[in-house]
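Trainee: Here's the letter readout for the chains.
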Amino acid sequence: AQSVAQPEDQVNVAEGNPLTVKCTYSVSGNPYLFWYVQYPNRGLQFLLKYITGDNLVKGSYGFEAEFNKSQTSFHLKKPSALVSDSALYFCAVPVSGAGSYQLTFGKGTKLSVIP
Amino acid sequence: DTGVSQDPRHKITKRGQNVTFRCDPISEHNRLYWYRQTLGQGPEFLTYFQNEAQLEKSRLLSDRFSAERPKGSFSTLEIQRTEQGDSAMYLCASSLSRDSYGYTFGSGTRLTVV
Chain B
1 AQSVAQPEDQ VNVAEGNPLT VKCTYSVSGN PYLFWYVQYP NRGLQFLLKY
51 ITGDNLVKGS YGFEAEFNKS QTSFHLKKPS ALVSDSALYF CAVPVSGAGS
101 YQLTFGKGTK LSVIP
Chain P
1 DTGVSQDPRH KITKRGQNVT FRCDPISEHN RLYWYRQTLG QGPEFLTYFQ
51 NEAQLEKSRL LSDRFSAERP KGSFSTLEIQ RTEQGDSAMY LCASSLSRDS
101 YGYTFGSGTR LTVV
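Chains as they are written, first to last, in our numbering: chain B, 1 to 115; chain P, 1 to 114.
Mixed in with the good hints, there may be bad ones.
As the list claims (entries may be wrong) - Capping the alpha-carbon separation at 27 Å, the derived lysine-lysine pairs in DSSO-like fashion look like this:
| id | chain 1 | residue 1 | chain 2 | residue 2 |
| --- | --- | --- | --- | --- |
| 1 | B | K107 | P | K11 |
| 2 | P | K57 | P | K14 |
| 3 | B | K110 | B | K49 |
| 4 | B | K107 | P | K71 |
| 5 | P | K57 | B | K49 |
| 6 | P | K11 | B | K110 |
What the hints contain is simulated information worked out from the structure, not anything from laboratory work.
Next comes chain P alone, as it looks inside the complex (with noise of 0.2 Å):
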């Protein structure tokens, strides 16, 4: 296993359409975080899941953001209807429970909406 893993890469779409990102964490990790990175700004958190149970969400993901983590492994996001204001860097990070804050870091889906 060589770390958190992010598909695709980059994606560019139009406005309006809808996008998937996958992650894939490390295997034996059963915390799993999405971040969103905007230019010029720091992560910001989405939501977390602990194992397949997604336990917190911002107030950032809005109702057209939706994350699913079946069977505590790999996880989706997706963005319906995508706007401008979503173009960003969509980051996925992995940990163990007994290390809090031992956060891996995937190298992040970039997303360009045009």
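Isolated chain B, as found in the complex (with noise of 0.2 Å):
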């Protein structure tokens, strides 16, 4: 079965230093993977996706992403925190079969930008 997985509950970091919210995955073929986030009290917001090509994938609010087929991770990464990106990221990825178009989401990381 398909599966995301996010080793860390929580991450702090400075603002304006770096930040990675890791995710490891685990699926069967070429995977698509996804990037969500979601702020207190809304809904998930769309950072970024990986379907094929390049490794590092760009997406919304700075944000980044390296497939690393070798070592099965979608990290997410940005190169200067923001006390704003304070939030809660989610990695997903689709249910293998399912055409539903479902997807499976990691338990999520909660990064806190300290100022």
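Both chains are sitting in their own frames, so use the hints and assemble them into the complex.
Mentor: Written out as structure tokens, the structure reads:
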């Protein structure tokens, strides 16, 4: 079964420092991978996706993610963190064979950017 | 059209009562999804509509849950005889057929069963 894992429940980073939120995946075939962000009491917002092509994917709000096939990882990165980046981040992968195009999500990582 | 709207934002109900939530998707989106998110977890798929047809339901969707999407527009999710375990955020998302996985999520309905 397709799955993703987010090994860190929480990540703390100082404002202005680079940030990384980790995601590893387990899929058969070529993976589609997604990152979403959730601000307090809000729904999820799409950040970026990897379908095929360049291993470095650029997304919204200055975020990017690096697809690494050998390490089965898809880590989310940003060169310089902002306090406003503080939120919950979810990695996701499509459910294999589901004609409904449903996604399965990781448990999420809480990012806190400290002023 | 400003996005996916969900109503109410918050609902507190007593155990055993029935509740109904509404989702208004982006008007041109033909796919509509319901997900449930409990504290400390990522969203979990509940059910999916393409136009007015409910094409898939998760095992999480017990007999107490029912969802409809009349005329392929808005959708409702009803929970009968609520239990404390139903307390969660219920998220609706919509998308276009040609943009697989291109979800737009609503802000969710937070249900608290007391």
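Trainee: Confirm or reject each hint.
Mentor: Hints and how they fare:
Between K107 (chain B) and K11 (chain P), the direct Cα distance comes to roughly 24 Å. Compliance with the 27 Å bound is thereby established for this hinted pair. A distance of roughly 26 Å separates the Cα atoms of K57 (chain P) and K14 (chain P); the hinted pair therefore holds under the 27 Å criterion. Restraint check for K110 (chain B) and K49 (chain B): the C-alpha separation of about 20 Å stays at or below 27 Å, so the hint holds. Of the supplied pair hints, the one linking K107 (chain B) and K71 (chain P) is violated, its CA atoms being roughly 34 Å apart against a limit of 27 Å.
Between K57 (chain P) and K49 (chain B) the CA atoms are separated by roughly 25 Å; this keeps the pair inside 27 Å, and the hint holds. For a cut-off of 27 Å, the pair hint linking K11 (chain P) to K110 (chain B) stands: about 25 Å separates their Cα positions.
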